[in-house]
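Engineer: Residue numbers (the numbering used here), protein chains in the order written: chain A, 40 to 421; chain B, 307 to 407.
Hints listed in this document are in silico derivations from the structure and should not be mistaken for laboratory results.
Honestly, I wouldn't trust all of these hints.
Calculated lysine-lysine pairs in the PhoX-like style (CA-CA distance at most 20 Å, straight line) [to be verified]:
#: 1; chain 1: B; residue 1: K407; chain 2: A; residue 2: K326
#: 2; chain 1: A; residue 1: K75; chain 2: A; residue 2: K104
#: 3; chain 1: A; residue 1: K336; chain 2: B; residue 2: K381
#: 4; chain 1: B; residue 1: K407; chain 2: A; residue 2: K166
#: 5; chain 1: B; residue 1: K381; chain 2: B; residue 2: K401
#: 6; chain 1: A; residue 1: K219; chain 2: A; residue 2: K75
#: 7; chain 1: A; residue 1: K75; chain 2: A; residue 2: K42
#: 8; chain 1: A; residue 1: K166; chain 2: A; residue 2: K258
#: 9; chain 1: A; residue 1: K224; chain 2: A; residue 2: K258
#: 10; chain 1: A; residue 1: K224; chain 2: A; residue 2: K362
#: 11; chain 1: B; residue 1: K319; chain 2: A; residue 2: K336
These numbers were taken from a predicted model, which means no experiment stands behind them.
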Amino acid sequence: MNKSASVVIIGGGISGCAIAYNLAKKGVKDVIIIEKEYLSSGATGRCGAGIRMQWGTEMNCRLAKYSVEFFETANEVLEYAGDVEFKQGGYLIIAATEKEVAQFQKNIKLQNSLGIPSRYITPQEAKEIVPHMDETQILGAAFNPKDGHLNPFHTTQAYADAAVRLGVEIMKYTEVTGIKVENGKIAGVQTDKGYISTPVVVNAAGGHAQIISEMVGVKLPLYSERHQILVTEAVEPMQGPMFMSFSQNIYCQQTPHGSFIMGRGDPTEPRDLRVTSSWEFLEEMAKTCIRFLPPLKDIRMVRQWAGLYNMSPDAQPIYGPVKDVEGFFLACGYSGHGFMFGPVTGVVVSESILGEEHTIPVDALSYDRFEKGELILEPSVV
Amino acid sequence: MRIESHPILTFEKGKIVKFTYNGKEMEGYEGEPIAAALHAQGIKVLGYTHHRNRPRGFYCAIGNCSSCLMVVNGKPNVRTCVEKLTEGAVVETQKGRGELK
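So here's chain A without its partners, still in its complex pose (with noise of 0.2 Å):
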């Protein structure tokens, strides 16, 4: 079935519901959202879902905290029937080594004079905050009370929700096969279930972002790298920050419902679109966990799963238009924290296809910074 649309989004995570939202609140008619398989069914629905301020740069941490702001009255504001279950509190980021109590402390600084209530605490206090976590292990922390995390598919939800009231049309289990462009200008969006004439596109398709930009001729320099998670039985609730460290490699919460949410980086992993699980991470993860918070050793795992992260040169966003293609907008390479950013992704991108003047600082993350070589240097990502 051919139809045609104003805007179409392409990927059903929380960026595009989030732009969708944005896009029909400021009376945009006629958006659709293109989505493969269901909501959240990507990076969205696979990740660790955290929220942190705590960020090295001026830039990051004002997002960050937009988000922070606008997560605390998620539920109110997208007037949504359940609940994002955001849970604040805090990200105990521990410092295992010289390099990091020094970088923490000038973080901490920064962040201080942007509004952000985070301190530098002893391994002492750490484990006041968290009492079953080994702090011989540890040299210090970073601790902010408001970080925390949330429910992605509750969240993405409340997004889509929102946006379908105000008139927003999602195709769920529709796949994107090509885009038309014509003189340079966007002109439709080919499917499986027929074509959509448009004149904007908005390329929120997470560790699939490459693919679509290559459909209208764009190579972005994105790559796709797996990162592995896994959840464990429910317990009652024990910890309340998410539990992190750079050098150490790991993060870990305990959702609402009780269960613990953790994960690690590996740099030996696939460069490429697998989600497959592997034993090795398994491994890996206890060992880690065990570590650092040893009662978790008696906890029974329920399953581990892996999504992508979609990967630019400097671990930043790509936001806004691509200048060789006219009606071409770009919402990808988070690199990791794309869910966290959600609000601003939504703000942001519905603002660059409006020409609106941009509400929070994002100039810094256009795709051009590629070419003129000034990339962002944020010393604060896993």
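Got chain A; can you put chain B on it based on the hints?
Structural biologist: Chain B in isolation, oriented as in the chain A frame:
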């Protein structure tokens, strides 16, 4: 009624051992599933649902369904349908999701 055979598990019926269920002394056969020993004593409620506090009993009997989770020797979330009974085991009804120590 005592569960003597199982379609998947095999267990040896050992000597008679003593154990406690919520502080009450009981007897069962060493090596049989704890849930089987409880069942033989007429105890069919093994736990309660989290939201509505409804009784839960023996269900899948192969360690999959979580219906028989109990605290055994201080450890929560033990699947009593596949956990073998030992001499002096302390078996308790679990309240809530279990606390890790």
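Engineer: If a hint holds in the structure, say so; if it doesn't, say that too.
Structural biologist: Here's how the hints hold up against the structure:
1. K407/B with K326/A: 18 Å, holds
2. K75/A with K104/A: 31 Å, violated
3. K336/A with K381/B: 12 Å, holds
4. K407/B with K166/A: Distance of about 15 Å is within 20 Å: holds.
5. K381/B with K401/B: With a Cα-Cα distance of about 12 Å, the restraint between K381/B and K401/B holds, given a limit of 20 Å.
6. K219/A with K75/A: 18 Å, holds
7. K75/A with K42/A: 18 Å, holds
8. K166/A with K258/A: 48 Å, violated
9. K224/A with K258/A: The hint holds at about 17 Å.
10. K224/A with K362/A: 10 Å, holds
11. K319/B with K336/A: 31 Å, violated
Of the numbered hints listed earlier, those contradicted by the structure are 2, 8 and 11.
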